[in-house]
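First to last, the protein sequences are chains A and B.
According to the numbering used here, the first sequence is numbered sequentially starting from 1.
According to the numbering used here, the second sequence is numbered sequentially starting from 1.
All the pointers check out, no bait thrown in.
Okay, derived cross-link-like pairs now, EDC-like style, lysine to aspartate or glutamate, Cα gap no bigger than 20 Å in a straight line:
1) B:K2 - A:D124
2) A:K247 - A:D285
3) A:K86 - B:D98
4) A:K234 - A:D41
5) A:K192 - A:E182
6) A:K234 - A:E12
7) A:K86 - A:E174
8) A:K37 - A:E12
9) B:K2 - A:E94
10) A:K134 - A:E174
11) B:K2 - A:E117
12) A:K207 - A:D197
13) A:K204 - A:D48
14) A:K82 - A:E94
15) A:K274 - A:E310
16) B:K78 - A:D112
17) B:K248 - A:E90
18) B:K2 - A:E120
Here are some chain A residues the structure puts well away from chain B; computed CB gaps all over 12 Å:
19) S147
20) S231
21) I235
22) I265
23) T290
24) L294
25) I317
These are calculated hints, taken from the structure and not from any lab test.
Built from N, CA and C at the ideal position, the CB exists for glycine as well.
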Amino acid sequence: MNVISVNSLWKEFPIQIRKKGFLGGIASLFSREYVIKTALDHVSFNIDEGELIGYIGPNGAGKSTTVKILSGILVPNGGEVKVMNKTPWENRVETVRQLGVVFGQRTQLWWDLPVIESFELLKDIYRVSNTSYKRTLDLLTDRLELSKLFNVPVRQLSLGQRMRCDIAASLLHEPKILFLDEPTIGLDAVSKLAVRDFVRYLNKERKVTILLTTHDMDDIESLCSRVLILSEGKIFLDGTLEALRKKMAPERRLIVDLLNENETIRDPQAALIKQEGHRVWLRFDPTLVTTPELISRVTSKHPIRDLYVENPPIEEIIARFYQNANL
Amino acid sequence: MKPYIAILNTRMAVLFQYRSAAIAGLCTQVFWGIVKVMILEAFFAQSVSAEPLSLAQAITFIWLGQALIQLLPWNIDKELEAQIKTGNVAYELLRPLDLYSYWFFRAMAMRLVPTIMRSIPVFMFAGLFQALPAPESWSALIAFVVSLLFAALLSSAITTLVHSSMFWTISGEGIQRLLPQVTLLFSGVVVPLPLFPDWMQPFLNLQPFRGVIDIPSRIYTGVIPVVEAPYYLGFQLVWFLFFAIAGKWLIARALRRFVIQGG
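Work out the full structure, taking the sequences as your base and the hints as a guide.
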């Protein structure tokens, strides 16, 4: 069942052109010129119940715009959007009641309140019953190790602590859908892992549908079965990580440690990326030559100590893709 | 209603933390109260014609004005101003709340807390050292309390309208300079409204700011007899409704524009 369906979504922003200098300033008092920037260009996708989707794209690709439209706080120029069968901007209050939203860059808790008081205020705002509040809070406290943080004012929390509290706050009303916007940004390795584990748990055990916006490819690789890549307002790819790898880089790498440093490897179907001492990096296209074939050819010509095959890291694929997008 | 009551409660709890500001303000209010009382005494001593207020009533006006000064819609919420400036106000819309009501109850907390923290000690001081009399009767006291309640509603509605207007002005600077002067003068804190010239009275009687301090003070001192109080309470209520409807309309317009433009 689709919990979110987006059909031909289209959003433009007028951006005022500033004229230069003093006279330009005066002229703009009388007439203003605008350029139209297309933030979302007929974007379509569906999200099924229980999916965990990585939503990625370079800065300015339109990710936040999408999240804002899905939450009902921004009205698009065209297209059809249903979140839990309702059009968000026509039913903002009802839509946001079903959603949890976390922004890594800013807290949604009240700055000058102790954490527990923020939680209690949220309980009243979302009209959560006492019993279900207590149950949810116990669970979150246990999972996110919050008990020591309850009486600390939000402004005194470290970033990792604040993130845990923010995630808990977004879940007190047990939303079916969660939007996470860069939830691991700026976190240390331990906090990152904790957040990731919890997100995985929410999705697998609690069946929460999650849309995860991130620039951290480890997040994507460890969590998401499906990725949506947005570029200049268009969906560039909607599929698995594997599909992304295939689309961007139908290549494998063969890394060989030679016995003899002075040798180098030449093969008609594998390109040399680099060589550092004993170690040689080769690039090959698995559709042209199979991995065993290449290995046997290389090992028959050169005495080697060790070798292994790898896929290019996802960061690199994405970076290459971003570069292409910027051209 | 429950979410909004919770917002009011929580916000009040936060604001009650600012005690040192209240103590500093308290000293100012007591000092100015004493100065104003001395000025009034000098005026009354020189006056040749009959004044519309007795000296005792005028002094009571002064002390009520000093005690209730924080009830005036004289300033804006800095946090809301910052939210509007940065556009972060969009995130407030992620809560299942009506933005007008949310802001109204925030404004209410902003009016009530400083008023409570300041009025009680000022009343005590004026009662002990300045011979502030009690209201004439129990029914006058009840009418006074009700009019204070309506004054709080009115003031919060004016404040929320000002906040809504910041969607257009972005910076609240201009209105911030204007508000203290206008509200202090027209609510009767600077000079009790009955002492203004006769030709100004028709205007003064109709403008909304008298609903905040002037009307409660008149009921307290008996300048408005208890039997006439319902008319003045109605006056406060009508202005409250006017500002509430205007504010709600303005926020609805702002949101329509905002959600279409903002990114």
